[in-house]
Amino acid sequence: MSKSLPGVVVRDVIHGFGPVEVLHGISIEVESGRIIGLLGPSGAGKTTLVKLIAGVDRQRSGTVHVSGELMPSFELMERIGYVAQGDALYRELSGRENMEFFGALYGLHGAALDERIHTCAGLVDLGEHLHRQVQDYSGGMKRRLSLATALLHEPGVLILDEPTVGIDPVLRHDVWDRLRAYADDGASILITTHVMDEANHCDRVAMMRDGLLIAQDTPEGLRRTAGVDTLEEAFLHFCSRVPS
Amino acid sequence: MRVLAVFRRVLRGFGRDKRTLVLMMIAPVLVLSLLWFIFHSDTYHPKVAAVDLPETMVVALKNQGARVRRLDQATADRQLKAGEIDAVIRFEKGQIVALLEGSDPSVDMSVRMLFVGVMRERAARFRPLLEKVRRVLPREACIVTQPPRFDRLHGGKKMTHFDSFGPVLLGFLVFFFTFIVSGVSFVRERTTGTLERMLASPIRSWELVTGYATGFSVVVLAQIALMTLFSVYLLDMMLVGSLFWLLTITLMLAVSAMTLGMFLSAYARSEFQLFQFVPLVIVPQIFFSGLFQLETMPGWLQVVGKVLPLTYGAHAMRSVMIRGSGLAQIWVDLVVLAACAVSFMALNVWIIKHKRAV
Chain A
1 MSKSLPGVVV
11 RDVIHGFGPV
21 EVLHGISIEV
31 ESGRIIGLLG
41 PSGAGKTTLV
51 KLIAGVDRQR
61 SGTVHVSGEL
71 MPSFELMERI
81 GYVAQGDALY
91 RELSGRENME
101 FFGALYGLHG
111 AALDERIHTC
121 AGLVDLGEHL
131 HRQVQDYSGG
141 MKRRLSLATA
151 LLHEPGVLIL
161 DEPTVGIDPV
171 LRHDVWDRLR
181 AYADDGASIL
191 ITTHVMDEAN
201 HCDRVAMMRD
211 GLLIAQDTPE
221 GLRRTAGVDT
231 LEEAFLHFCS
241 RVPS
Chain B
245 MRVLAVFRRV
255 LRGFGRDKRT
265 LVLMMIAPVL
275 VLSLLWFIFH
285 SDTYHPKVAA
295 VDLPETMVVA
305 LKNQGARVRR
315 LDQATADRQL
325 KAGEIDAVIR
335 FEKGQIVALL
345 EGSDPSVDMS
355 VRMLFVGVMR
365 ERAARFRPLL
375 EKVRRVLPRE
385 ACIVTQPPRF
395 DRLHGGKKMT
405 HFDSFGPVLL
415 GFLVFFFTFI
425 VSGVSFVRER
435 TTGTLERMLA
445 SPIRSWELVT
455 GYATGFSVVV
465 LAQIALMTLF
475 SVYLLDMMLV
485 GSLFWLLTIT
495 LMLAVSAMTL
505 GMFLSAYARS
515 EFQLFQFVPL
525 VIVPQIFFSG
535 LFQLETMPGW
545 LQVVGKVLPL
555 TYGAHAMRSV
565 MIRGSGLAQI
575 WVDLVVLAAC
585 AVSFMALNVW
595 IIKHKRAV
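So the protein lines, in turn, are chains A and B. The first sequence runs 1 to 244 under this note's numbering. The second sequence runs 245 to 602 under this note's numbering.
Worth double-checking, as some hints may not be accurate.
Stated by the list, open to error - Computed beta-carbon distance windows for the label pairs:
hint, chain 1, residue 1, chain 2, residue 2, range
1, B, Val-593, A, Gly-140, 28 to 38 Å
2, B, Gly-570, A, Gly-86, 47 to 57 Å
3, B, Val-579, A, Asp-185, 50 to 60 Å
4, B, His-598, A, Glu-69, 21 to 31 Å
5, B, Ala-469, A, Gly-86, 29 to 39 Å
6, A, Gly-140, B, Leu-267, 25 to 35 Å
7, B, Leu-545, A, Gly-140, 56 to 66 Å
8, A, Gly-140, B, Phe-281, 49 to 59 Å
9, A, Gly-127, B, Val-579, 51 to 61 Å
10, A, Asp-185, B, Lys-599, 27 to 37 Å
11, B, Val-593, A, Leu-212, 35 to 45 Å
12, A, Glu-69, B, Tyr-511, 32 to 42 Å
Don't read these hints as lab results, they were simulated from the structure. On a predicted model such as this, the values are computed, not experimentally measured, just so you know. For each residue, glycine too, the CB sits at the ideal point set by N, CA and C.
Just chain A, with the same shape it has in the complex (with noise of 0.2 Å):
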């Protein structure tokens, strides 16, 4: 692990599929031990932006660096864990089985990987839970195991896409601590989200738009710059800003 490294930068970054441009250059910073927010409705360019970061897509122009070096790379995508937007997990395996299977790709076996499959399942409270084929689970469920395999490698970059979505309040609440902890011990983490209230836990939030980002900063600091109470609202405020 290399958490000491910057964690992500993403410079001017345009991406598109077939004709349609989605991404209009795109600059992005995740410092080591921050949560990034990108805030946005859905179209906004979220998930094809976090996609390129993790290195399922190439970017038309623009660069990537993950710990100071240029995506994409294999030796980074070890660094990296990705929980995308759907589940993606296999239902006729049990949640273990998925883990056992998720965690080999990244160089993890034997006793190594039953301790790290142990502890990240207790993370996200699906200790017991881990005999059980996927199928059965609820879909709060699903979510907490695709996060909890995502951590099995202990990436140094971790990227979220929705990662609460179905996931009740409590939990939710839980997720979130668990999140901080694991960005206290250096990670960078960014996440997606279209709840505006839940992009108060993050560090910065970066507003996104019709594939712009329309602001970024501290959610005190966008509040405060909007001169609103709430993040919904100091999204409109910048929405109404942006020329169109």
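Chain A is already provided as a structure; the job is to place chain B on it using the hints.
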């Protein structure tokens, strides 16, 4: 090792999905059994009307397996029109004339074969008399006095349509079922996001494809071994050559179908779209696989057949099963199948790499 992780994951997935496993085993066995019932049944016994035929001729036709009814001309014509009989047979100026129903060539053929049989039988009966005639006739007239005898290099008298079509249909079914299983599994990897999840990990594209291909091969091996053994030992499909080569061919055919399924799954957004590839990619192969005579097709169409894996698989299977061929006769087919499998795998790696950033 990551290849091993993928390999184990594929096997575990199939192991947990009992219903799919059972369907994979039952469906081909059921289809093969049906084919057996259709193609193994006894030869067709044509229904013919005899109009004013001498009793000896009626008996002779019956001896050849015809179902003969003696009718007057009007009734016979009416029944032929109604489709109740296949032919009306009568004498016309000392010659036997058969009016065939004519809409089914295979039925026509079986009526004609009746007379081939009768001719042979009559020729044997009048041998001494014909022998005298033969001496005074020119030599090429022997075709009339002594109908030709047919010997077989391969096959033998007991060979049925099932034995002849069997190898091709077995190859087709192996190809079809393997294509479906691998294609659907890989489409599901795409739709559930597990493929993307793997692509976000440090697994190399070739490791992913190799792990998948080997895992599937094990599952598919079980399926095709069952199909092959069931055909040969329970349905008694002719197998003159060695079982080893037969299994080798079917496995290689299956591997090329599997890798083709994986490759095409990249162009399908859902299982439904994958199934659209069946009439496009799988069904045409059966037309070129040796069930039908290709020499009468336009040249460019024959070339199409030359690039389809099933053509080679079916050819090799027929060679081994009916002609008892060994490696010397089938190595070209095996090389082509291996080349198909390798190039489809390379295409898979390319497609995954192309999509991925690394």
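Structure-based check of all given hints:
1. B:Val-593 - A:Gly-140: 28 to 38 Å: For B:Val-593 and A:Gly-140 the Cβ distance comes to about 37 Å; the hint holds.
2. B:Gly-570 - A:Gly-86: 47 to 57 Å: Given range 47 to 57 Å: holds, Cβ gap about 51 Å.
3. B:Val-579 - A:Asp-185: 50 to 60 Å: holds, 56 Å
4. B:His-598 - A:Glu-69: 21 to 31 Å: holds, 23 Å
5. B:Ala-469 - A:Gly-86: 29 to 39 Å: holds, 36 Å
6. A:Gly-140 - B:Leu-267: 25 to 35 Å: holds, 32 Å
7. B:Leu-545 - A:Gly-140: 56 to 66 Å: For A:Gly-140 against B:Leu-545, whose Cβ atoms are near 57 Å apart, the range 56 to 66 Å holds.
8. A:Gly-140 - B:Phe-281: 49 to 59 Å: Once the Cβ atoms are compared, 53 Å apart, the range 49 to 59 Å for B:Phe-281 and A:Gly-140 holds.
9. A:Gly-127 - B:Val-579: 51 to 61 Å: holds, 54 Å
10. A:Asp-185 - B:Lys-599: 27 to 37 Å: holds, 33 Å
11. B:Val-593 - A:Leu-212: 35 to 45 Å: holds, 36 Å
12. A:Glu-69 - B:Tyr-511: 32 to 42 Å: holds, 34 Å
Every hint from the earlier list agrees with this structure, and none is contradicted.
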